[in-house]
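So the sequences go chain by chain: A and B.
Last residue of the first sequence: number 173 in this note's numbering, and the count goes up by one each step with no gaps.
Last residue of the second sequence: number 1175 in this note's numbering, and the count goes up by one each step with no gaps.
There may be inaccurate statements among the hints.
What the hints assert, rightly or not - Covered, in the sense of this in silico footprint (three residues per stretch, anywhere, with C-beta under 8 Å from a C-beta of chain B), are these stretches of chain A:
| id | segment |
| --- | --- |
| 1 | 49-62 |
| 2 | 113-122 |
| 3 | 125-132 |
| 4 | 147-154 |
| 5 | 164-172 |
Unchecked claim - Partial list, derived from the structure: chain B residues whose beta carbon lies under 10 Å from chain A:
| id | residue |
| --- | --- |
| 6 | Pro1011 |
| 7 | Val1059 |
| 8 | Lys1062 |
| 9 | Val1063 |
| 10 | Leu1064 |
| 11 | Met1083 |
| 12 | Glu1088 |
| 13 | Ser1094 |
| 14 | Ala1097 |
| 15 | Met1098 |
| 16 | Ala1134 |
| 17 | Val1137 |
| 18 | Asn1141 |
| 19 | Glu1142 |
| 20 | Glu1152 |
Derived by calculation from the structure, the hints in this document are not laboratory data.
Don't be surprised by glycine CBs; every beta carbon is placed ideally from N, CA and C.
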Amino acid sequence: MEEMLQGVRFFEFLTEEEREEFAEASEPVSFGDGENIIEEGAEQGSLFVLISGAVEVRKGLPGGRSRLLAEIDASRGRTVVGERGLLGESGASATVTAVGEVEAIRIPRETFRRMVREGRPAAFKLSYRIARTLARRLARLDEEVVEAIRELENKGETDMEAFRDRLITDWSV
Amino acid sequence: MREMPDLKDVPIFKQLDEDERAEVEELAEPRSFEAGQRILEEGAPEGWLYLLTSGTVEVYKKVLPGRRQRLATLEAPTVIGEMGLLTEPRATASVEAMTRVEAHGLGRDLLLEMLDADSPAACKLVYEIGRTLAERVAATNETVAEVISRLENTDARESEEVDVFRDRLVQDWSF
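Throw the hints in and build the complete structure from the sequences for me.
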């Protein structure tokens, strides 16, 4: 399992021993085409490391519509979804659905919280990483919004579609 | 010298045991600000994390030239400067003391060094900061969804619609 976490950018800053701790705390899971890995509004759960396959991230909009936020293909590099759930209390903000077969490993929130209670450095290092990811998204969004407001004020040409696309980049489910 | 207000009242210290709190207290510099004084200046270097133990502050941002938008009123116990710790050390908003404010200042560089050295005290502080950020991101995600929904419902080329859209964005966005 430890080798599954190798090469995942999110876990790169951990020592081999620390990755091993997470590997022990995690479990392999697989999803069939169309199956939800994370469901919008559901209680915060786990972090998933996507090992193979592709997923779609969608957010429900008022009026019963939904918008595609991202398509993530694990074959182009192992990546994580649901990292906010390890730290946050509110429910998931979007739905992550398997497109075809998906292999992943799951780090359950309860296991992570137990590692925090035990004062394990690995858990705090991962928290630091998640906090930085979240802070960067907040900072970048603030900049985007300020810029859009200024452009709108100046009645310049504002490409609203491009603005919308920038808002949904790097969504933290 | 006056007794420093207690750090354990600041929520992000929840995870720290007594020794770790003492360690941070040792490294922190006591700071106090008079009503009206700037604590952070938008655009200026943000080299400190301030743990506010008493007083009230207001957060402002220059969203449009010549206008400053009030973003929040914060009361101690709370933390300011946490975004600078985790992103670029440049304040994205100004923070002004509304009353006399007592705080502990922690140097950004020192904290980053402690984090690099896996200091449990620093790690636990950042864990609590991360928890508040996770909630902020959750709220921001909902605002973004609303903005997108509005964008898709309005014809953004109509200049009147653009004004309404802009004003709501200024109001609703929590920065």
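Hints and how they fare:
no.: 1; hint: 49-62; verdict: holds (count 4)
no.: 2; hint: 113-122; verdict: holds (count 3)
no.: 3; hint: 125-132; verdict: holds (count 6)
no.: 4; hint: 147-154; verdict: holds (count 5)
no.: 5; hint: 164-172; verdict: holds (count 5)
no.: 6; hint: Pro1011; verdict: 14 Å, violated
no.: 7; hint: Val1059; verdict: 12 Å, violated
no.: 8; hint: Lys1062; verdict: 9 Å, holds
no.: 9; hint: Val1063; verdict: 6 Å, holds
no.: 10; hint: Leu1064; verdict: 5 Å, holds
no.: 11; hint: Met1083; verdict: 6 Å, holds
no.: 12; hint: Glu1088; verdict: 7 Å, holds
no.: 13; hint: Ser1094; verdict: 14 Å, violated
no.: 14; hint: Ala1097; verdict: 23 Å, violated
no.: 15; hint: Met1098; verdict: 23 Å, violated
no.: 16; hint: Ala1134; verdict: 3 Å, holds
no.: 17; hint: Val1137; verdict: 5 Å, holds
no.: 18; hint: Asn1141; verdict: 4 Å, holds
no.: 19; hint: Glu1142; verdict: 7 Å, holds
no.: 20; hint: Glu1152; verdict: 8 Å, holds
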